[in-house]
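A.B. asks: Now for the letters of each chain:
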Amino acid sequence: MQTVRTKFKAEPFLFHTFNYLIMLFIVIVTLYPFLNTLAISFNSGIDTTRGGIYIWPREWTFKNYEAVFVSGKVYDAFWVSVARTVIGTVISVFLTAMLAYTISRKEYMFRKPVTLIFVLTMYFSAGLIPSYFLIKDLHLLNNFLVYILFPGAGAGLISAFNMLVVRTYIHTLPESLVESAKMDGASDFKVFISIILPLCAPVLATISLFTAVGQWNQWFDTFIFASSRQELSTLQYELMRLLSSSMNFNSNPNISSAAAADTATMLTPLSIRAAITIVASLPILVVYPFLQRHFVAGLQLGSVKE
Amino acid sequence: MPQQTVHKIEVTPQSARRTNTFWRRMIRQRQLILMSIPMVLYILLFAYGPIWGWLMAFQNYKPGFPILEQTWVGLDQFRFLFTDDSFIRVLRNTIAMSFISLILGFVTAIGLALLMNEIRKTGIKRLIQTISYLPHFLSWVIVTGLVSMALSTEGGIVNVVLMKLHIINEPILWLGEGKYFWGIVGLTNVWKEVGWNTIIYLAAIASVDPSLYEAAEVDGAGRFRKIWNVTLPGIRPVIVILLIMNVGWILNGGGFDIQYFLGNGQVLDWSETIDIFVLKYGLRIGNYSLGVAAGIFKTVVSIVLLYCANIIAKRLGEERII
Amino acid sequence: MGVRTKKSALWLLMLTLTVSMVATACSGNNSNNGNASSTASSSPDAGDSTNGEKVEPFTISLFTAATGPIPTDDNKIYQEIKEKLGVTLKEEYLVGDIEQKLGVMIAGGDYPDMITANTKLTAAKAVIPLEDLIEEHAPNLKKHYGKVWEQLKDPADGHIYWLPNYGVYQGDFKPTDYMGPAFYIQKAILKEYGYPKIKTLDEYFKLIEDYAAKYPEIDGQPTIGFTSLAFDWRDWGLRNAPQHLAGHPNDGGVLVDPDTNVATLFSATDVAKPYYTKLNEINAKGLMDKEAFAQNYDQYLAKLSSGRVLAMFDQRWNFGQAHDSLVSQGKVDRTYVGFPLVYDESTTDYYLDRPVVNLGNGFGITVKAEDPVRIIKFIDTMLSEEWQKRLNWGEEGVDYLVGDNGLYYRTPEMRAQQEDVTWKQKFKAESLWGYLPKLEGNYPDGNADGPGNQPDEYFANLKDIDKEVLSAYGFKVWSDFFSSPPENRVSYPAWNIDLIEGSDAKVANQKMKDLDFKYLPKAILSKPDEFNNVWSEYVAEMGKVNTQAYLDRVNEQLKWRVDNWSSK
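So the sequence lines, in the order shown, correspond to chains S, A and L.
Mind the numbering: the first sequence is residues 1070 to 1375 in my numbering, read in order.
Mind the numbering: the second sequence is residues 81 to 402 in my numbering, read in order.
Mind the numbering: the third sequence is residues 62 to 629 in my numbering, read in order.
None of these hints come from the bench; they were simulated from the model.
Be a bit skeptical, because a hint or two may be false.
[Claimed, not checked] No more than 16 Å apart at the CA atoms, straight line, and that leaves these computed lysine to aspartate or glutamate pairs for EDC-like: (1) A:K360 <-> L:D218; (2) A:K142 <-> L:E160; (3) A:K360 <-> L:D293; (4) S:K1142 <-> L:D293; (5) L:K203 <-> L:E192; (6) L:K137 <-> L:E457; (7) S:K1175 <-> A:E399; (8) L:K214 <-> L:D559; (9) L:K579 <-> L:D565; (10) L:K181 <-> L:D171; (11) A:K360 <-> L:D134; (12) S:K1142 <-> L:D134; (13) A:K360 <-> L:E562; (14) L:K260 <-> L:D405; (15) L:K524 <-> L:D394; (16) L:K204 <-> L:E192; (17) L:K181 <-> L:D218; (18) L:K579 <-> A:D349; (19) L:K487 <-> S:E1300; (20) L:K605 <-> L:D541; (21) L:K605 <-> A:E399; (22) L:K574 <-> A:D349; (23) L:K186 <-> L:D215.
[What the hints assert, rightly or not] Coverage of chain A stretches by chain S, computed from C-beta distances (three or more under 8 Å per stretch; other residues unrestricted): (24) 119-126; (25) 132-140; (26) 177-188; (27) 209-223; (28) 351-361; (29) 365-372.
[Claimed, not checked] Not everything, but these chain A residues come out facing chain L in the computed CB check (under 7 Å): (30) P143; (31) G144; (32) Q150; (33) T151; (34) L155; (35) L255; (36) G258; (37) N344.
The beta carbon of each residue, even a glycine, is placed where N, CA and C say it ideally should be.
When you get a sec, could you build the whole thing from the sequences and use the hints?
C.D. replies: This is how it looks when you write it as structure tokens:
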């Protein structure tokens, strides 16, 4: 072993240099749009119109953020967003994993029909108007539960996509684990809770992230199903509303735009969009680093697997 | 060995008591049933319940009047869609951009995940992961805006770099020529989503049994051998499942906003996808039914493709959807 | 094993129970305060209305399709409305796509009390006729719309459903600033060549050519002769110029004969060809912005803001941001003046038009409103001079001062404040104001309807170069560059004709737009000897479109207007 390692000493160095160069490129390319958005969010709107803002503001201002926070509605909306994200994610991840376990059992008699029923949901949409009638008939309009129950993009109790991802993962686990547990008399639910769930940590972290981001970014269900109740407004919805209104900030025909004495205070859709992007994404960005450790945790569990 | 015992119980003598077996199986699997059927009922209600809306595809739907009191037009909506001069072109664009985005997306995400996995310093690895998925949180308006800027003939970075390297002599109007459009869409998709897409592979890589690497090392396998012989086979089921699922989405055109924001009159023949066509000639002009008809068409195609992909996977002995 | 199964089953049961309990709790909560429109204001202390009557608290829910700055909860104007009129406004603003939102709103019949106009709502019978309500309960509205009463009626059934928010003038119409379409050119060029008169395309492009030759770079960047925007719905930069060049006013996609009121198309005809031929020519000379038709709106504004675009065809309001940016950079000489160019010098330009009633806009009252009388009374009150001044000018002493001559004016600080969006969210009600009926023109006391139209306010905002340009041409205001418009043709304008949702006319309209977007850039950017080939291809493709369906609908409506509007 020792000899093998010394023999290939040049290889790791070359590889790592090459790899770090690629990573550097990736980091620059993917960090830039975010830094650019950040810079624009702190730059005066009218000045941004000129272009030429890259990663540092030219005319500093907090006006764009002031516009976001002035109404005070975003604070309440933030907590609604947190609530729907936490509740929605916990419930959805648990149920999705449970369902994935059932369809991973080869002996389960309804395995195929259940799988098919869920898989097909990824490929059709009944349309907005019929869905609206359903939600209305279930008395879920302007009801917090619609955020948890409505199977829109990234939301709903079960995501078929996530279900398949988890099932695929379960298939890679040694079948002997489940069988020996069953030999000991464990029920399916018990096996799921005490064996499958812990072993699935990496994949559950993954789908938690998918679900949480989906829930957090969702504004369409508020728009269609809960827009007439302010208490249910979500952060994304408030920010989208601000963005739509910013399209008309400077179009009042009765204010001669030559009157723009102090253009530093003027806002443009571009600058507002930048500010709301930052406000909307920062809270959810912290989720991933938090979940990352589970990727490693899974690795450790993996060695216990035998 | 336990496997045998399970089978012994299941294989009951084939006889007229089949229904009896059915009920016995149900009772034995009552927990599995209890763990799945409520969710099935839920999805039947929420996803399949509103499917009566497909009736709209055969109508000239006007909101405000009950579905059964609408004017029925038979297959007129489908006829409008399929007989339009641009339909073949629109279909071609949709499939081409989906295909390009699909292949590019898979190769780059898997490649990046494998390379990230080779980084030994956990802190750096996590940092890179976190940065690389940032663009996922930017809206398409912002990303396409940056793409337009980068590709501009007026000092766009792409033209500047290519000119500095003497690869081109004068700036190219990238967004004004149809032949570049599909590639731009593919690369933009990669830019925005590659980091996000690696997450799922990184999770899969994390599950690969470390002892397999040790065994390979003992066999004298180098870095690339290990990737090829251990890591890739380890994440193969995930790759296959994602591939099959994505094949079913081939009529989505690799996005909607991206063509909507980057497209313009000059590249219309390359940029228009089914979804954009439906927006322009359906929703925008008050024809709700066209969108439903196009949706049905897309669903049918999806299911056929999904079925084919599933069969192929089965033949190859790979992980499959059903 | 039995024990274990029971235990797990118990777990499942508990989970189900918890979920369903949460469910009932939330839905129970919902049924209490879900229905917004019927909820009355909780504060029982009703203030006194302006005319001294005791007012009952009243809540009006309303939906606005486009919004300005969103008022804060403690917005001053909304507070005043509540105190003085007892009216609480519960507003909802459109966030996403209007078609989707109205689709579900109409399908479910879940309307607010008041809603901004849309043809879908009229088609779905979502709004109530207003004629009788106005006659009986709204003296201000009745007086306001008196002259245009017939025009307000829906062509399909003769009822009035919407209260247009703009275009009904009191007294004479005196525009100062010009916000409409024109061929714009930098003030610096005019100055350089001694403020020449510009009437035709040749004169216009000659100036651009000379100036670009003399100054190939502006502020270190290459000079762009002429650009034009064709992005998404902002299509006029590419499509609208020919009708104006031919001496016609803005009728959308058609030319209307003022005598017969018959519409014809100009797209892909000989009316349009000379203009695009000219653009092809200037492209050959390197003056046309190669990127023009591939740029997005932000790029267009950035280019204009850099001060290196010499000229373009556009509507003034569309590039307001670029103008403001140039002013703030101190590049006032790079801002633009609009000229009403025509093909033939003998043609009178018709760019500037007389205000038209903004039909199919403003508020309507829905079938869900429980007390339409109170709503129409509220709208009527808002049309009173007192409220109009409050909404448009603001509050005396805070937003404006009264001069010795009785005329209102603003200090520079007040003007600056009016631009501040966060301030406006607290102290203005622009989105509500935008859709309410307005007194336009002058008030009886001589003040203009709003600060933007007050002559003194306007002159106070002119920069030195502006004054220089205006005096060089012997004009007082920007609109003097344009011929004074004749009385509107009775059927004018054709662009606000409702083409009917999902009709062949709408399909044809979209097809025409697609072809214009595809072929016009191609023709303009082609080599001069290829221009005619591209043009013939364009004409041939246009021939395949069912343009007749479009023209038939337009002509039918024009005729209807002549028959019904001229009687009054």
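A.B. asks: For every hint, state whether the structure bears it out.
C.D. replies: Each hint, compared with the structure:
1. The straight-line distance between the Cα atoms of A:K360 and L:D218 is roughly 29 Å, outside the 16 Å bound, and the hint therefore fails.
2. With a C-alpha separation of about 12 Å, the suggested pair A:K142 and L:E160 falls inside the 16 Å cut-off, and the hint holds.
3. Straight-line distance between C-alpha atoms of A:K360 and L:D293 comes to about 11 Å, which keeps the hinted pair within the 16 Å bound.
4. Proximity of S:K1142 to L:D293 is assessed by CA-CA distance (about 32 Å); at most 16 Å being required, the pair is judged violated.
5. Using a Cα cut-off of 16 Å, the hinted pair L:K203 and L:E192 holds, with the two alpha carbons roughly 9 Å apart.
6. A C-alpha spacing of about 14 Å is found between L:K137 and L:E457, which places the hinted pair at or below 16 Å, so the restraint holds.
7. A distance of roughly 13 Å separates the Cα atoms of S:K1175 and A:E399; the hinted pair therefore holds under the 16 Å criterion.
8. For the hint linking L:K214 to L:D559, the alpha-carbon distance of about 13 Å falls within 16 Å, and the restraint holds.
9. The straight-line distance between the Cα atoms of L:K579 and L:D565 is roughly 21 Å, outside the 16 Å bound, and the hint therefore fails.
10. Among the hinted pairs, L:K181 with L:D171 is consistent with the structure: their alpha-carbon atoms are about 14 Å apart, no more than 16 Å.
11. Pair hint A:K360 plus L:D134 does not hold up; C-alpha atoms about 38 Å apart against a cutoff of 16 Å.
12. For the given pair, S:K1142 sits about 9 Å from L:D134 by alpha-carbon distance, which is consistent with the 16 Å threshold.
13. A C-alpha spacing of about 13 Å is found between A:K360 and L:E562, which places the hinted pair at or below 16 Å, so the restraint holds.
14. Note on L:K260 and L:D405: the hinted pairing holds, with a Cα-Cα distance of about 8 Å set against a maximum of 16 Å.
15. With a C-alpha separation of about 10 Å, the suggested pair L:K524 and L:D394 falls inside the 16 Å cut-off, and the hint holds.
16. A hinted pair counts as satisfied when its Cα atoms are at most 16 Å apart, and L:K204 with L:E192 qualifies at roughly 13 Å.
17. Only pairs whose Cα atoms come within 16 Å are accepted, and L:K181 paired with L:D218 is accepted, the gap being roughly 15 Å.
18. Proposed proximity of L:K579 and A:D349 is supported: the alpha carbons are some 8 Å apart, at most 16 Å.
19. Of the pairs offered as hints, the one joining L:K487 and S:E1300 is violated, with about 20 Å between alpha carbons and a cut-off of 16 Å exceeded.
20. Simply put, L:K605 and L:D541 have alpha-carbon atoms about 43 Å apart, too far for the 16 Å limit, and the pair is violated.
21. Annotation: proposed proximity of L:K605 to A:E399 is violated, straight-line Cα distance about 51 Å (limit 16 Å).
22. Proposed proximity of L:K574 and A:D349 is supported: the alpha carbons are some 14 Å apart, at most 16 Å.
23. Note on L:K186 and L:D215: the hinted pairing holds, with a Cα-Cα distance of about 12 Å set against a maximum of 16 Å.
24. As drawn, the segment 119-126 of chain A meets chain S at 7 residues by the rule of a beta-carbon pair under 8 Å; at three or more, the given contact holds.
25. Note: the segment 132-140 of chain A has 4 residues with beta-carbon separation from chain S under 8 Å; the three-residue rule is met and the coverage holds.
26. Judged by the Cβ-Cβ criterion of 8 Å, the segment 177-188 of chain A is not covered by chain S as claimed, because only 0 of its residues qualify and three are needed.
27. Counting residues of the segment 209-223 of chain A whose beta-carbon sits less than 8 Å from any beta-carbon of chain S gives 14, enough to reach three: the coverage restraint holds.
28. Here's how the segment 351-361 of chain A fares: 0 of its residues keep a CB closer than 8 Å to some CB of chain S, so the rule of at least three is not met and the hint is violated.
29. Closer than 8 Å: that is the beta-carbon criterion, and the segment 365-372 of chain A has 3 residues meeting it against chain S, so the requirement of 3 holds.
30. Because the smallest distance between the Cβ of A:P143 and any Cβ of chain L comes to about 4 Å, under 7 Å, the interface hint for this residue holds.
31. Checking A:G144 against chain L: minimum C-beta separation of about 3 Å stays under 7 Å; hint holds.
32. For A:Q150, the interface hint is violated, since its Cβ never comes within 7 Å of a Cβ in chain L; the closest pair sits about 11 Å apart.
33. A least Cβ separation of about 11 Å between A:T151 and chain L goes past the 7 Å threshold, and the interface hint is therefore violated.
34. Against a cut-off of 7 Å between C-beta atoms, the interface hint on A:L155 is violated, since the closest Cβ of chain L lies about 16 Å away.
35. The closest approach between the C-beta of A:L255 and any C-beta of chain L is roughly 4 Å, which is under the 7 Å cut-off, so the hint is satisfied.
36. For A:G258, the interface hint is violated, since its Cβ never comes within 7 Å of a Cβ in chain L; the closest pair sits about 10 Å apart.
37. The interface hint given for A:N344 is met, as the beta carbon of that residue sits about 5 Å from the closest beta carbon of chain L, less than 7 Å.
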